[in-house]
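There are 2 protein chains.
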Amino acid sequence: MATMTVKMSREEPAVSYASRYSLPAEPKENDTKSNLCSGPVILLSHGDPTGFKPFWRSVGDKCKVTIDSCDFMSYLTDTGTVCWFLEKELEEAIRQLHRTVGNAVTDDRHILVGTGSTQLYHAALYALTSPGGPEPVNVVSAVPYYSSYPEETNFLCSALYKWAGDAYTFDKEGPYIELVTMPNNPDGQVRGPTVNRNDGKLIHDLAYYWPQYTPITAQADYDIMLFTFSKSMGHAGSRIGWAVVKDKDVAIKMTKYIELNSIGVSRESQHRAAKILGAVSDSSQCIGANFFEYGKSLMAERWTKIREVISRSRLFSLPKYMEEYCQFSGEDTEPHPAFAWLKCNNDIEDLEIFLRRYKIMGRGGSLFGSDPKHVRVSMLGDEETFNLFLERLSSIQDTITNSNGNGIKFDELERKQIR
Amino acid sequence: MATMTVKMSREEPAVSYASRYSLPAEPKENDTKSNLCSGPVILLSHGDPTGFKPFWRSVGDKCKVTIDSCDFMSYLTDTGTVCWFLEKELEEAIRQLHRTVGNAVTDDRHILVGTGSTQLYHAALYALTSPGGPEPVNVVSAVPYYSSYPEETNFLCSALYKWAGDAYTFDKEGPYIELVTMPNNPDGQVRGPTVNRNDGKLIHDLAYYWPQYTPITAQADYDIMLFTFSKSMGHAGSRIGWAVVKDKDVAIKMTKYIELNSIGVSRESQHRAAKILGAVSDSSQCIGANFFEYGKSLMAERWTKIREVISRSRLFSLPKYMEEYCQFSGEDTEPHPAFAWLKCNNDIEDLEIFLRRYKIMGRGGSLFGSDPKHVRVSMLGDEETFNLFLERLSSIQDTITNSNGNGIKFDELERKQIR
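First to last, the sequence lines map onto chains A and B. Residue numbers for the first sequence follow full-length UniProt numbering, beginning at 1 and rising by one. Residue numbers for the second sequence follow full-length UniProt numbering, beginning at 1 and rising by one.
These are calculated hints, taken from the structure and not from any lab test. Treat each hint with caution, since some may be false.
As the list makes no split between identical chains, a pair holds if one copy fits it or if it spans any two.
Subject to a maximum C-alpha distance of 25 Å in a straight line, what follows is the list of computed PhoX-like cross-link-like pairs (lysine-lysine) [stated by the list, open to error]:
id, residue 1, residue 2
1, Lys275, Lys64
2, Lys275, Lys53
3, Lys343, Lys88
4, Lys256, Lys246
5, Lys64, Lys253
6, Lys256, Lys88
7, Lys373, Lys162
8, Lys373, Lys246
Given only the sequences and the hints, what does the whole structure look like? Please build it.
Rendered as structure tokens:
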């Protein structure tokens, strides 16, 4: 089969302050040099979990919160724990949720709250390092790693820690920190730590270790485990994450980070998260079983659909996942990750740039330490966007396949518009 | 007059991860070595603005917010401005509030939201520096400066910036950043920048530039101005701060900091802050005039009371402030700062430690770059705590004055218990 080579330079500068969350400007009309599609921009570059919104809309008043003018005025909560700004009701809801789902050990563990799990990632780096070392502690993660880790680790040029890339190829001596994302973002694989040396410390990012994404095979029990309200329940705008931490001194230092960074975490968001997590754990309300069932069905349905579209040509492929027994649902379950780690089997060198010309905004493989033939696309968005994405992906496949079959050159292809 | 010298070592280690927000443990009974008072601990070491709570309780349902299960699920807001996570309603309420109060220019300025103004301080440091410089940019502030600045600036050991202490004595060459807190925390004085060189950049912390604390003498119009919901309205637990920024590139980089630090700011808190700030600006509701009037009366009354207590002996003194015309209230007004910058005129070397033995927890002068004969005590707490503080301060004055008059030695003094 003839293949088509498309070489393009990256459109972003090496150091960019542009936000990956901003919607790109609509290209000008007939600007076929920059886009091959007249339809709307499809933003799949970040995991905005709005796909769960219909469920929460259906819940009605059960998780509604009302906040009076004089509520939550103090910095302080009455938790009495290491994390002085944690709402007691949130702590209890978190512990109860993990007991209900069975995805993490929380007994005799410290619970900390953060402004999203991102703030807790920074807190963990601070807690696991100390000033005065000969050089910054190396921070590694196995490729493909979460694309934000390198920039989040390095952007303040800290002397405490620095990004050192792929854990598979890491061979420097001295202390290190390894980030283990399980299941992995972007590719949904379940992996353990890679370096496995005595002088290493681990941070487990378990943002996606929930029944809607992956079978719950065991209670996770690691030194530092990070979770987020965003990916567990779908409430990204609340910016609530939590950490489950074994060691008290680490918990104290992580708390200190958040104190110095933002003097605590929104109490309104904590209150609301407590209400929603509490409802999901409360079997009498049936919200929990319903939510995870809804989430799992939604993800399964989307994965079935995208695999069906992809299967129609050999242009793209997706990872395959093993079915495993899920202790939460009590049945064998296939993973349905929050992201599709799309690969092109063609000579297209940079899939992100290629798709961008069709106004599909994914996140390119090189940002994950992987090759640019991969793109991560979110499976969590709203239904309309997801269906439009499948439609456009299908059109691209048809066009490319026909073009190759008919010997159409790339400049001719540019004149073919996809909606 | 005979004076008493009390030398004590600081009780905290040089590097401490202990939180200044945690309530200290109650001393053991009869532990006269560590305390000279049997009453409860009085926590005045941080500016928890619960003194405004009675006002907000009186407002009733006018500023109540209700949040449905499916609200604020997305990371994204529809603001369309540089700060992609800012709620449009909050931006409008902030601009309107500054127009109503007349304390800052916001036309043609960028509004950014942060998790408290603390996160925006970090964002500003990041925005005003660049990687690759020969050494970190020096960050200075005139003594007495806000006690958290040094640790907040240095704790991540950034190569971008480092704390360089007192602006008055700063004489290093090269670029620098000066923090101007106006009116000043801890001492309530109104000051401009100190270094005044061409290679300097300024961050104005205007947390206390509100009519309840100080006369509004002009619309502030600086490059970067930081404000906070905590000190303006009294809602510290919401962790909402905002920045008013002139330069677009600085605003973009500050936004980028918050994206990398916490991927945005609680939308629940933003929604609630918008409701409350909006109500204060809405003249038809009369909340605004009432709130600032209430706040000003509260602060004025407390300052009258504390000055009256202090005046009974020569042991302590407080700064004096000039009356100025307040453009908001339309009358000559004396400042009533959020903190009392208490000085002992005695030979007591460390006033923080001295007061701690009477279970009054203030923040010692050396943390503000000043001398340890000063302590900053909050004037913003609840009424009961404030009155208990005055009562105990009065007892201390009586005891010390009588002791000196009677030639009682310090170990005898230790046996005298104050309630």
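Each hint tested on the structure:
For the identical chains of this complex, lysine 275 and lysine 64 are neighbours both inside a copy (8 Å) and across copies (17 Å), given an alpha-carbon limit of 25 Å. In the homo-oligomer, the alpha carbons of lysine 275 and lysine 53 lie at most 25 Å apart both inside one protomer (16 Å) and across protomers (24 Å), since each shortest distance falls under that limit. For the homomeric pair lysine 343 and lysine 88, neither the shortest alpha-carbon distance inside one copy (45 Å) nor that between copies (38 Å) is at most 25 Å. For the homomeric pair lysine 256 and lysine 246, the shortest alpha-carbon distance inside one copy (16 Å) is at most 25 Å, but the shortest distance between copies (32 Å) is not.
Neither within a single protomer nor between protomers do lysine 64 and lysine 253 lie at most 25 Å apart by alpha-carbon distance, with minima of 34 Å and 36 Å respectively. In this assembly of identical chains, the alpha carbons of lysine 256 and lysine 88 lie at most 25 Å apart only when taken from the same copy (18 Å versus 32 Å across copies). Proximity of lysine 373 and lysine 162 under a CA criterion of 25 Å is satisfied in neither setting, with 27 Å inside one chain copy and 41 Å between copies. In this assembly of identical chains, lysine 373 and lysine 246 lie within 25 Å of each other by CA distance neither inside one copy nor across copies; the values are 40 Å within and 41 Å between.
Against the hints set out earlier in the document, violations occur for numbers 3, 5, 7 and 8.
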